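Fit chain X to the supplied structure of chain H, relying on the hints for placement.
Note that the protein sequences, when read in sequence, are chains H and X. Position in the first sequence (from 1) plus 34 gives the number in the working numbering. Position in the second sequence (from 1) plus 45 gives the number in the working numbering.
These aren't lab readings, by the way, just hints derived from the structure by calculation. Every value quoted in this text rests on a predicted model; they were computed, and no experiment measured them. Possibly wrong hints are sitting among the right ones.
Claimed, not checked - Some chain X residues well away from chain H (every beta-carbon gap over 10 Å; in silico):
| no. | residue |
| --- | --- |
| 1 | Phe75 |
| 2 | Gly117 |
| 3 | Arg247 |
| 4 | Pro306 |
| 5 | Pro307 |
| 6 | Leu347 |
| 7 | His386 |
| 8 | Thr504 |
| 9 | Val508 |
As the list claims (entries may be wrong) - Derived lysine to any residue pairs resembling SDA-like cross-links, with alpha carbons at most 25 Å apart:
| no. | chain 1 | residue 1 | chain 2 | residue 2 |
| --- | --- | --- | --- | --- |
| 10 | H | Lys53 | X | Glu425 |
| 11 | H | Lys147 | X | Glu224 |
| 12 | X | Lys215 | H | Gln234 |
| 13 | H | Lys112 | X | Glu336 |
| 14 | X | Lys202 | X | Glu224 |
| 15 | X | Lys90 | X | Pro434 |
| 16 | H | Lys147 | X | Leu161 |
| 17 | X | Lys68 | X | Gln341 |
| 18 | X | Lys511 | X | Tyr482 |
Think of the CB as a built atom: it goes at the ideal place given N, C-alpha and C, for glycine as much as any other residue.
One letter stands for each residue in the lines below.
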Amino acid sequence: MSARDRILARLNAAPVMNKPEPDVAAWFAEHRSEETPAEKAARFRHFIELAHAEVYSVSRGGWLQKLWEVLSAKQIGKLLVAPGTSHGQRAQSELSALGIDCPSYAEPIENWKETMFHDIPASFTAARGAIAETGTLILWPDADEPRLMSLVPPVHIVLLDAANIYNTLYETMQQEGWKNGLPTNSLLISGPSKTADIQQTLAYGAHGPKELVVLMIEENV
Amino acid sequence: MNAPQTPHALHFMPSAGFRARSKEVVDNPFLRQSFRGAMDFLMSKRAAQFPDPVELETLRTLGEQIRQYNLGKLPELLVQLESNLTRNGIQVHWAETPEEANQIILGLCQKHSAKLMVKGKSMVSEEIELNHAAEAAGIDALESDMGEYIVQLAHEKPSHIIMPAIHKTKEQIAKLFHENVPGVEYTDNVDALIQIGRNVLREKFLEADVGLSGVNFAVAETGTLCLVENEGNGRMCTTAPAVHIAITGIEKIVEKLDHIPPLYSLLTRSATGQNISTYFNMISGPRKAGEKDGPQEVHLVLLDNGRTQAYADEQLRKTLQCIRCGACMNHCPVYTRIGGHAYGTTYPGPIGKIISPHMLGLEATATMATASSLCGACGEVCPVKIPIPELLMRLREESFSAPHENPTMRGQGAGYNATVSAIWRGWAWVYRSPALYRLATWLGSRFNWLMPSKQGPWTSVRVPLKPAPKRLRDMLKERA
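In isolation and in its complexed conformation, chain H is listed as follows (with noise of 0.2 Å):
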């Protein structure tokens, strides 16, 4: 018998206590509601500020040129973008001509790991949403916009539109029918890194980005 039979043996032949499955949507409809877009922003905006990330909101063609002045602002001249999607193709072929260097990450991490984690300041991608109750960004990363670029560079730049912000997690779930199949990582971000570890004091930027900003594209900018 192997350990895996043995484990489940003597799982098996304890006493049996079925409980019945509990109602967790009922919970959710009874201790949360529904809010408006803009108040969802609003919460959005208040929770992930609490938690040290600059939020701009931008209209659904000015965000270019925020993107811009934050990395004027914050003197960064190298923009890690991902051209296989619109945003970052949008990016790399406007920020260029504006004298920002951006290079792609269009290969495998191994060849180019050691420059990935010395020479890259920033990264641009998007959020797929946001969850208003908790400030709370759902970063779905695939070939084209890999895991590393929201973890590695110390800025870690997010363009998200506000019409994809839900109330909670739950909802988000539930809508976006995750039980049906996640990517092989799925992330949600509630600001930049940080640590309490040395005396309960806060510091920013423990492993992983030290500043977090979102551009936040909403309808009536």
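Just chain X now, with coordinates in the frame of chain H:
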């Protein structure tokens, strides 16, 4: 970790170690102050996250129901999890003991000729003492959570399951970095210290061959491993190296994704008083064809280490509801005074007292359950309503009752003392019979001079107990 395997053997682990260590901390005003300050801070942060008592109560009830529902289906969910993880390309391994788990993990490292393993925060890896086993196998196992990194540099173990270095002051950490990290000047600026840690560990993430992590929740229906963290080191360990190995106790499993939002919310709010952690990392497979990063291999080690023993008993099974938030220790008057190291076990505080006996046997942990005033705070704050005080009473019973056949727990009766037992039996006998009681109190008051002046631990800090020369009964009679 080397508790005897035979359930009937009565090998005593002297409680002196625990008591002596406790006394040492109680006598150290700096440690007392550190723990008091930290616990007050964590308690008020938690309280601020739950302003609505109705929401808190209903959410705790929901959390309890979710954990009990999933434990009820545990064997079937483990099989479902294994099959969905395997379908997703994650390899599943099972270990009954810490030794087996270490063998599996180090075997995988050796297969990949790994020299450096970076570790995300994992209490289960502490439980199996992976770092020692790795060292013996010539593999460098480096902690990357800031608190764990500090504790490892100091050759210590975590003193808290969420805040591993809570017992250290920034001055101590400054000295530690200055003495152990090449080229680092002394600074007690916390931001600067964190940046030193960041710079050292970044190079290690870049270099490491294997990343190890724990698991906060494993979702059976999707085959997903969920990790909760703030620093990003967990994401580094699970993303940058070519191989990711996760380890978890068999109980941390839920059937459905729907079960995650309530538990995740309870976890971060109860643990550190955050409405959410910075990162929630859901891993459902290794790098797919075409993807440019992420590990080529992902493994999960499912560890028993005494959990099936707790599972076998309806009452003790509630121990496994735990989501490891640490709120019970933050609110424990004993933990606050003696800190995490005094317990001598991987898991300290109230949760440590109820889970460690299953891992180490009661032989090694008989007195742990007595280190409680039964004030009930731990049970009151537990986000999944584990009745910790009730379980402590049960464990006292298991430890101190006479050894019997077919015990529920390994080491049952380890604390049994025939003399003490006889004294209590005599006490019960006297108190059940009015005539005997009268006789005993009469003898007590007449012969009170026979009481010894040294009465064990009682007289170490108090005056000796002595029956009054006149009983209340006699005094009332005189008045009448």
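Outcome of the hint check:
Even its closest Cβ contact with chain H, about 12 Å, leaves Phe75(X) beyond 10 Å, as expected for a residue assigned away from the interface. Listed as outside the interface, Gly117(X) is inconsistent with that label: its C-beta sits roughly 5 Å from the nearest C-beta of chain H, within the 10 Å cut-off. Interface exclusion of Arg247(X) from chain H breaks down, the closest Cβ pair being 6 Å apart, not more than 10 Å. Its beta-carbon lying about 4 Å from the closest one in chain H, Pro306(X) breaks the requirement of being farther than 10 Å from that chain.
A beta-carbon of chain H comes within 10 Å of the beta-carbon of Pro307(X); the shortest separation is about 6 Å. Chain H draws Leu347(X) into its interface by the beta-carbon criterion, the shortest separation being 8 Å against a cut-off of 10 Å. Its beta-carbon lying about 17 Å from the closest one in chain H, His386(X) satisfies the requirement of being farther than 10 Å from that chain. Non-interface status of Thr504(X) relative to chain H is upheld: no Cβ of that chain comes within 10 Å, the nearest being about 39 Å off.
For Val508(X), the shortest C-beta to C-beta distance to chain H comes to about 41 Å, beyond the 10 Å cut-off, and the non-interface label holds. Of the pairs offered as hints, the one joining Lys53(H) and Glu425(X) holds, with about 22 Å between alpha carbons and a cut-off of 25 Å not exceeded. For the proposed pair Lys147(H) and Glu224(X), the alpha carbon gap of about 30 Å is over 25 Å, so the pair is violated. A C-alpha spacing of about 10 Å is found between Lys215(X) and Gln234(H), which places the hinted pair at or below 25 Å, so the restraint holds.
Distance hint between Lys112(H) and Glu336(X) is fulfilled; the C-alpha atoms sit about 23 Å from each other, no more than 25 Å. Annotation: proposed proximity of Lys202(X) to Glu224(X) holds, straight-line Cα distance about 19 Å (limit 25 Å). Taken as a hint, the Lys90(X) and Pro434(X) pair is honoured in the structure, with Cα atoms around 24 Å apart against an allowance of 25 Å. Distance check on the hinted pair: Lys147(H) and Leu161(X) sit about 16 Å apart at the alpha-carbon level, within 25 Å; holds.
In summary, the hint linking Lys68(X) to Gln341(X) is not supported, as the alpha carbons are separated by about 50 Å, beyond the 25 Å threshold. In summary, the hint linking Lys511(X) to Tyr482(X) is supported, as the alpha carbons are separated by about 17 Å, within the 25 Å threshold.
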